[in-house]
Amino acid sequence: EAGVTQFPSHSVIEKGQTVTLRCDPISGHDNLYWYRRVMGKEIKFLLHFVKESKQDESGMPNNRFLAERTGGTYSTLKVQPAELEDSGVYFCASTRQGYTGELFFGEGSRLTVL
Amino acid sequence: RKEVEQDPGPFNVPEGATVAFNCTYSNSASQSFFWYRQDCRKEPKLLMSVYSSGNEDGRFTAQLNRASQYISLLIRDSKLSDSATYLCVVTRNTGGFKTIFGAGTRLFVKA
Numbered sequence: 003e004a005g006v007t008q009f010p011s012h013s014v015i016e017k018g019q020t021v022t023l024r025c026d027p028i029s030g031h032d033n034l035y036w037y038r039r040v041m042g043k044e045i046k047f048l049l050h051f052v053k054e055s056k057q058d059e060s061g062m063p064n065n066r067f068l069a070e071r072t073g074g075t076y077s078t079l080k081v082q083p084a085e086l087e088d089s090g091v092y093f094c095a096s097t098r099q100g101y102t103g104e105l106f107f108g109e110g111s112r113l114t115v116l
Numbered sequence: 019r020k021e022v023e024q025d026p027g028p029f030n031v032p033e034g035a036t037v038a039f040n041c042t043y044s045n046s047a048s049q050s051f052f053w054y055r056q057d058c059r060k061e062p063k064l065l066m067s068v069y070s071s072g073n074e075d076g077r078f079t080a081q082l083n084r085a086s087q088y089i090s091l092l093i094r095d096s097k098l099s100d101s102a103t104y105l106c107v108v109t110r111n112t113g114g115f116k117t118i119f120g121a122g123t124r125l126f127v128k129a
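These protein sequences, in sequence, are chains X and G. 47 is the number that the numbering used here gives to position 45 of the first sequence; each next residue is one higher, with no gaps. 30 is the number that the numbering used here gives to position 12 of the second sequence; each next residue is one higher, with no gaps.
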């Protein structure tokens, strides 16, 4: 069974540009989470999808971040326009419906904003 | 104050040493507790769940003290391959299901 996959693994962009990160959860996992780890800080929650619906987006930093999960399969996280402080590693994780145990993480997308 | 606090580290230990990591959490509504391991430039992976009765998996022992809101991880007979960052993770279901991560404690095991 394929794990959580994320793309790209690393993106380097200039301030003001746009980047779109993609996450493909484990097949059949309804819960999809986005997290971010900024250098030297803890992993922080961004938002949670249940299928295609946003269950909780309380962790989204501001309106420059837009997450979608059309059709309840893969998800995208767009940052537009990117700022220097957006640099970090963006992790996606998934679990099956109702499960509150282990989070299955992707390898992360490292974003560097210059 | 952070909701989940860990020893800042790093811990530098020789092979074969016993090392203990501590973690405290501030929200008494926390329900489930885990230790995750994160290798450099990799994703976090579940190491073990933590129960009040304590649980052991080979060289790893985890303990939970709900009264003190304290979680620990003990690694015995450290191996070079144990070098990683250990994340204390807590979940709660207040205002929606949330998973809260500690900042992690870095462990270096040296020959």
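Because the hints were derived from the structure by calculation, they are not lab data. If you're wondering where the values come from, they're calculated on a predicted model, not measured in any experiment. Please note that the accuracy of each hint is not assured.
To be verified - The calculated lysine to aspartate or glutamate pairs, modelled on DMTMM-like cross-linking and capped at a C-alpha distance of 25 Å, are:
hint, chain 1, residue 1, chain 2, residue 2
1, G, LYS97, G, ASP25
2, X, LYS46, G, GLU74
3, G, LYS63, X, GLU85
4, G, LYS63, G, GLU23
5, X, LYS43, G, ASP57
6, X, LYS43, G, ASP100
7, G, LYS97, X, GLU109
8, X, LYS56, G, ASP57
9, G, LYS116, G, ASP95
Said to hold, decoys possible - Calculated from the model, a selection of chain X residues having no Cβ within reach of chain G, i.e. all distances over 10 Å:
hint, residue
10, ALA4
11, GLN19
12, LEU68
The C-beta atom is built at its ideal place from N, Cα and C for all residues, glycine as well.
For this session: Could you tell me which of the numbered hints above are not met by this structure, giving the numbers in increasing order?
Result: 2, 3, 8, 9
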